[in-house]
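Chains A and B, in that order, are what the protein sequence lines are.
Position one of the first sequence corresponds to residue 91 (my numbering), numbered consecutively onward.
Position one of the second sequence corresponds to residue 806 (my numbering), numbered consecutively onward.
Read the hints as simulated data drawn from the structure, not as lab findings.
Built from N, CA and C at the ideal position, the CB exists for glycine as well.
Honestly, I wouldn't trust all of these hints.
[What the hints assert, rightly or not] Stretches of chain B that chain A covers, calculated by requiring three or more beta carbons in the stretch to come under 8 angstroms of a beta carbon on chain A:
1) 825–832
2) 950–964
[Said to hold, decoys possible] Not close to chain A: a few residues of chain B, all C-beta gaps over 10 angstroms, as computed:
3) R814
4) D894
5) H897
6) N906
7) H907
8) Q910
9) S921
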Amino acid sequence: MTNGGLASPVKCVATMIRVETFGLPAKKGEFMRPARFEYFTPHTVDEALNLLEKYGEEAKVLAGGLSLVPLMKLRLAAPQYIVDITNIPTLSYVVENGDGGLCIGALTTHYTLETSSLVKFKCPVLSEAASGLGDTQVRNRGTIGGNLCHADPACEYLSVVLALNAELKAVSSKGERTIKVADFFLDLFTTSLEPTELVSEVKVPPMLPNTGEAYQKLFQRSGDFAIVAVAVVMTLGEGNVCKAVSVGLGCVAPTPVRAEETEKALLGKTVSDKLIDEASEVATRGIKPTTDIHASAEYRTEMTKVITRRALKAAFVRAGGEK
Amino acid sequence: MERTITQERTIALTVNGVTYKATVEPRMLLVDLIRDELGLTGTHIGCVTGKCGACTILLNGVSIKSCLVFAVQADGADIVTIEGIADGDKLHPIQEAFKENHALQCGYCTPGMVISAYQLLKRNPDPTEEEIKKGISGNLCRCTGYVNIVKAIKDAAKK
Numbered sequence: 091m092t093n094g095g096l097a098s099p100v101k102c103v104a105t106m107i108r109v110e111t112f113g114l115p116a117k118k119g120e121f122m123r124p125a126r127f128e129y130f131t132p133h134t135v136d137e138a139l140n141l142l143e144k145y146g147e148e149a150k151v152l153a154g155g156l157s158l159v160p161l162m163k164l165r166l167a168a169p170q171y172i173v174d175i176t177n178i179p180t181l182s183y184v185v186e187n188g189d190g191g192l193c194i195g196a197l198t199t200h201y202t203l204e205t206s207s208l209v210k211f212k213c214p215v216l217s218e219a220a221s222g223l224g225d226t227q228v229r230n231r232g233t234i235g236g237n238l239c240h241a242d243p244a245c246e247y248l249s250v251v252l253a254l255n256a257e258l259k260a261v262s263s264k265g266e267r268t269i270k271v272a273d274f275f276l277d278l279f280t281t282s283l284e285p286t287e288l289v290s291e292v293k294v295p296p297m298l299p300n301t302g303e304a305y306q307k308l309f310q311r312s313g314d315f316a317i318v319a320v321a322v323v324m325t326l327g328e329g330n331v332c333k334a335v336s337v338g339l340g341c342v343a344p345t346p347v348r349a350e351e352t353e354k355a356l357l358g359k360t361v362s363d364k365l366i367d368e369a370s371e372v373a374t375r376g377i378k379p380t381t382d383i384h385a386s387a388e389y390r391t392e393m394t395k396v397i398t399r400r401a402l403k404a405a406f407v408r409a410g411g412e413k
Numbered sequence: 806m807e808r809t810i811t812q813e814r815t816i817a818l819t820v821n822g823v824t825y826k827a828t829v830e831p832r833m834l835l836v837d838l839i840r841d842e843l844g845l846t847g848t849h850i851g852c853v854t855g856k857c858g859a860c861t862i863l864l865n866g867v868s869i870k871s872c873l874v875f876a877v878q879a880d881g882a883d884i885v886t887i888e889g890i891a892d893g894d895k896l897h898p899i900q901e902a903f904k905e906n907h908a909l910q911c912g913y914c915t916p917g918m919v920i921s922a923y924q925l926l927k928r929n930p931d932p933t934e935e936e937i938k939k940g941i942s943g944n945l946c947r948c949t950g951y952v953n954i955v956k957a958i959k960d961a962a963k964k
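Pulled out of the complex, with its shape left as it was, chain A reads as follows:
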């Protein structure tokens, strides 16, 4: 389990929000330049893994740097060793899997996911989430692996990969293992990845016929983190009966969560606007939203129902359902 040696997650979030929202200058003791570190730039995965084996807890993996570098500038993270994996060419790819799903290299950028016709065809909800993530400069450089490993509950892809039942391939110098996304996110900024491991790939299962996917994000300004985010993958059978559905909720708990009551309310029933409304009402069971500068817990709870309803309706239509 690792949280990468960050300062307490709550302090990270509080400081970032204060600086971002209020533009407050660095307090005494907060710096705008990172602390010293030793820098490595391996060119192969094996080289990177050897470095992680050697330095373990004191090292941090650097990909796009869009989450890590701001934290280092504020000195909320001060790793002694940085393993920059951006010069490893074999980690950036989008290919079709043998079973019809997708294999996405961990260093694939948000821009690639946004624009790839393969992603749009096989996994449109991922492309939809990518297109609203940050801004052009962020999408040019940020990676899906970095986004998932950083495990900020407000990160875009967390609810999406959960709803997709995706799997992650984690490699270390001792071998590799597959981690189901449901087992990956443990807490705020905390994943089940060991310090000696690297996420090398995201595996997305194949999309079944008559499936609709949708991602809805509630936010204030373009590029902001979501206040509430919902990802839905819905498969319809004969007569608009819901054959399968998964609803991933983001930003309403320390990790992404499935809206299990909503899923139960829909499964096996004929989908209609009325059923979607009823199912959305129960999306809030089991969530633990926080109050921060952007929204209160009460608002997030109420908006979970609204955004879930919107995402369910969009997915239903895309699955070929008729209203």
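Dock chain B against the given chain A, drawing on the hints supplied.
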């Protein structure tokens, strides 16, 4: 515990067509290298968290925020800053359009805006107003209210 930290690395990079060699600490940010070491102060620093986009440059043809990249990561890279956008004394059409449409007041965000506009028009030569707004959403402006910036980019697209 004995630990040696490699304090400095020598890197080589091309900026606006000129190749530079520099010996830097790993923690030096790319924007600091460009401004302080190379003296190209057209690229600006506006915030701490990488939100404002005033530091936007092209790295290997793609727009990024240079305050979020370490200089050592730009080893071997091809960089274009605002100083490299014009063709000698002749302004780039984007710069002309900004001038004609009064798309700047204090000018602090402008270098980053021009680079973002350049990236947008390279990928989408005829953007709609919505696409322009999305394309510059990574660049904050405190003066203009963005209206003239959007007009300027629409104008530049025609040139």
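Go through the numbered hints given earlier and state which of them the structure violates, listing their numbers in rising order. Per hint list: 2, 3 and 9 violated.
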